[in-house]
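Enquirer: Letter by letter, the chains look like this.
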Amino acid sequence: MKAFLKKEWMEWIRTGRALVLVTVFVILGIMNPAFAKLTPWLMEIMSDSLSGAGLITTDVQIDAMTSWTQFYKNILPGLIVFLLLNSSSFTAEYERGTLIPAITRGLSRRKILAAKSILLYGSWTLLYTLCFGITYGYNAYFWDNAIAGNLYFAAACTWLFGIWTTSLLILFSSISKSSTQVLLGTGGTAMGLYLLSLFPKLNAFLPAKLMDGMRLMQKTDSPEDYLIGITVSGILILLCMALSTVCFDKKQY
Amino acid sequence: MEMLTLSHAAKHFGEKQVLLDVSFSVPEHTVFGFVGQNGAGKTTAMKMILGLLTVSSGDIMVNGIPVRYGNTPTNRFIGYLPDVPEFYPYMTPTEYLRFCGEISGMKSNEIKSRSTELLRLVGLEQEHRRIKGFSRGMKQRLGVAQALLNRPKLLICDEPTSALDPAGRRELLDILTAAKAETTVLFSTHILSDVEHICDEMAFLHEGKIALKGTLDEIRKMRKDSAITIETEHPKDAQALLQTFPFLKMTDKSKLLLEDTKQLPELLHCIADRHYPIVRIERQEAALEDLFMEVIRK
Numbered sequence: 001m002k003a004f005l006k007k008e009w010m011e012w013i014r015t016g017r018a019l020v021l022v023t024v025f026v027i028l029g030i031m032n033p034a035f036a037k038l039t040p041w042l043m044e045i046m047s048d049s050l051s052g053a054g055l056i057t058t059d060v061q062i063d064a065m066t067s068w069t070q071f072y073k074n075i076l077p078g079l080i081v082f083l084l085l086n087s088s089s090f091t092a093e094y095e096r097g098t099l100i101p102a103i104t105r106g107l108s109r110r111k112i113l114a115a116k117s118i119l120l121y122g123s124w125t126l127l128y129t130l131c132f133g134i135t136y137g138y139n140a141y142f143w144d145n146a147i148a149g150n151l152y153f154a155a156a157c158t159w160l161f162g163i164w165t166t167s168l169l170i171l172f173s174s175i176s177k178s179s180t181q182v183l184l185g186t187g188g189t190a191m192g193l194y195l196l197s198l199f200p201k202l203n204a205f206l207p208a209k210l211m212d213g214m215r216l217m218q219k220t221d222s223p224e225d226y227l228i229g230i231t232v233s234g235i236l237i238l239l240c241m242a243l244s245t246v247c248f249d250k251k252q253y
Numbered sequence: 001m002e003m004l005t006l007s008h009a010a011k012h013f014g015e016k017q018v019l020l021d022v023s024f025s026v027p028e029h030t031v032f033g034f035v036g037q038n039g040a041g042k043t044t045a046m047k048m049i050l051g052l053l054t055v056s057s058g059d060i061m062v063n064g065i066p067v068r069y070g071n072t073p074t075n076r077f078i079g080y081l082p083d084v085p086e087f088y089p090y091m092t093p094t095e096y097l098r099f100c101g102e103i104s105g106m107k108s109n110e111i112k113s114r115s116t117e118l119l120r121l122v123g124l125e126q127e128h129r130r131i132k133g134f135s136r137g138m139k140q141r142l143g144v145a146q147a148l149l150n151r152p153k154l155l156i157c158d159e160p161t162s163a164l165d166p167a168g169r170r171e172l173l174d175i176l177t178a179a180k181a182e183t184t185v186l187f188s189t190h191i192l193s194d195v196e197h198i199c200d201e202m203a204f205l206h207e208g209k210i211a212l213k214g215t216l217d218e219i220r221k222m223r224k225d226s227a228i229t230i231e232t233e234h235p236k237d238a239q240a241l242l243q244t245f246p247f248l249k250m251t252d253k254s255k256l257l258l259e260d261t262k263q264l265p266e267l268l269h270c271i272a273d274r275h276y277p278i279v280r281i282e283r284q285e286a287a288l289e290d291l292f293m294e295v296i297r298k
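Residue numbers (the working numbering), protein chains in the order written: chain A, 1 to 253; chain B, 1 to 298.
Everything labelled a hint here was simulated from the structure, so no lab data went into it.
Mixed in with the good hints there might be a few duds.
Pairs of lysine to aspartate or glutamate residues, derived as EDC-like cross-links and limited to a Cα-Cα distance of at most 20 Å, are as follows [claimed, not checked]: (1) B:Lys139 with A:Glu95; (2) A:Lys2 with B:Glu110; (3) A:Lys111 with B:Glu102; (4) A:Lys6 with B:Glu294; (5) A:Lys2 with B:Glu102; (6) A:Lys6 with B:Glu86; (7) B:Lys132 with A:Glu11; (8) B:Lys221 with B:Glu294.
A quick note: this is a predicted structure, and the numbers were derived from the prediction, not measured.
With the hints as constraints, model all of the structure from the sequences given.
Expert: In C-alpha cells:
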C-alpha cells in the first residue's frame, strides 16, 4: 500500500492538483479577514449611491465575527473545488485502465481504496486546517478571536461535513464509470439532504446541520444541538466506506 | 506440467453469450497462440484468467491453483500486457517499474537491477522523459518490461503486435521468444504469421468455442492435402484440359486448380501426351490462413 500511496502523492504533485488546491485554500483563508477589513471602505464608496436609493449607511462595526462569517460563507465553494478536482481520482484510472497492472500484480483492491481514501481525507483535513489557520491568525492579529463562541467545535463540525461529502465522493467513485456520474451522485445526494434539512423537524438529524457554524459562534445554538447531526454523519461516513469497499471489490474491468 | 488450464469456461454479459465452452491447457515453457477474429472473445477470456471478470461457469486454474474473481492469489504468477497498455503519464519508465516492483513486494536493489536489465532488453534504457510523450510502440515495449518485471511463470499478452509497425513487431516477437526460456507465454492475436513465427501450440477461438487446438505440426497435418495449381502457356490448352478432366477448377483463363491430388499422375500423363507447354505446376503452401478461413466458414 505504501507504493500506491507514493504513486498517489506523486500524482497530486506532478499533475498540479496539490498546487491548485493549496492556492485556492490559501486565497480563501486570506480573503476572509481581507473582506472584513475592506468592508468599511466599500461601504464608504457605496454610501453615495446607497443614499441616492434612500438607504443611509452608518458606521459598520467590524470584528473577528465579520471575518468568521466570511469563513463559513467561503468554505463551501472551497469544498466544491476540492470535490471537483478529485472527482476523477478513481474514474480516470478506470477509463485509462491504469489500475489493471496494479490489480493483476496482486495489490488488493481494499489497499487501493484505502490509499486513495487516506489521501482524500488527509488532504481535505490539511487544506481545511490551512484555510482555518490563516483566517484564525489574521483575526487574532487584527481583532480578537475571543468574541466567537465554540470556535473550535464549530470548525470541527464543518470539517466533518467535508469528510462526509468526501466519503460520498469515494462511494460514487467506486460505483460510477465517469467523473460526471461521480459529481452528479455526490452533488445530488448532498443537495437532496440539504433540501430535506430545510424542514425544521429534520434539520437537527442531517449532516447539513454541521454547516451552521455561525449559529454556534453567535451562541444561538449550543454544541449539544449538534450531537445528533454529528452521530448521523459519523454513521453515514462509515456506511459509505463499507458500501464503497463492497462495490470496489465487485467492480469489473 | 500445465501452467494454465481452462475447462468449460463460459461467459455471458447479460443476454449476450460471449464464450460458450472454452477448454484448453498451456504446458510450461511453451509459447501458446490464442487465435481468433476480432471480437471473438479473446480479451474476455484473458480477463477471466486474470480474475478481472467473473466466470459464468467452468473453471480456470493457473499453476494448479483455481482463479477466483476479484483478488485472486494466482495473479502473483502472472505478468500481463494489455492490448493498449496505459501508464501514469507523469512518471518516467524507471519510476513506473519501481512502482510495479514495490507493489509486487520486490526488494529495492532487485527492482533496480531488474529494471535496468529489462529496459535494456526493450530498448528504453536511454529514455529518461516522462511517459506522457511516448509513442504507441514505446508504450508496448514498456508494457513488456512491466509484465516481465517479477519473473512471472505465465506471461499473458493481449494482441501485443497488432498496433506495431513491421520493425516493431519483429522486435516484440523476438522479445517474446527470448522470454520463453524463463516463462510460459500465452498471447492472443489475429495475425497468423506471428503464430507461425513463434508459437509451439495454438488454439482457435471461434463463436465462443475452441474450434481447433494442438501443436503447430498437428494442426498443419489436420489440413487436407494441399491443392495444386497448373498454369498453361496457352488458354486454349487449359480449356482442353478442363474438358477432359471436369473435376478441375478454372481460376483464371490459363490457370487450373486440382483439389484431389490423387489425380495428378493421370493429369501429368495427359499433358505429356499432348505436348502442352506449361508455365508452372505448383503445390499450394499449407498456410494457417487457409485453415483459419476454413474454420470460420464452417
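Enquirer: It remains to establish, for every hint, whether it holds in the given structure.
Expert: Each hint tested on the structure:
{"no.": "1", "hint": "B:Lys139 with A:Glu95", "in the structure": "holds (17 Å)"}
{"no.": "2", "hint": "A:Lys2 with B:Glu110", "in the structure": "holds (18 Å)"}
{"no.": "3", "hint": "A:Lys111 with B:Glu102", "in the structure": "holds (13 Å)"}
{"no.": "4", "hint": "A:Lys6 with B:Glu294", "in the structure": "violated (53 Å)"}
{"no.": "5", "hint": "A:Lys2 with B:Glu102", "in the structure": "holds (8 Å)"}
{"no.": "6", "hint": "A:Lys6 with B:Glu86", "in the structure": "holds (19 Å)"}
{"no.": "7", "hint": "B:Lys132 with A:Glu11", "in the structure": "holds (13 Å)"}
{"no.": "8", "hint": "B:Lys221 with B:Glu294", "in the structure": "holds (14 Å)"}
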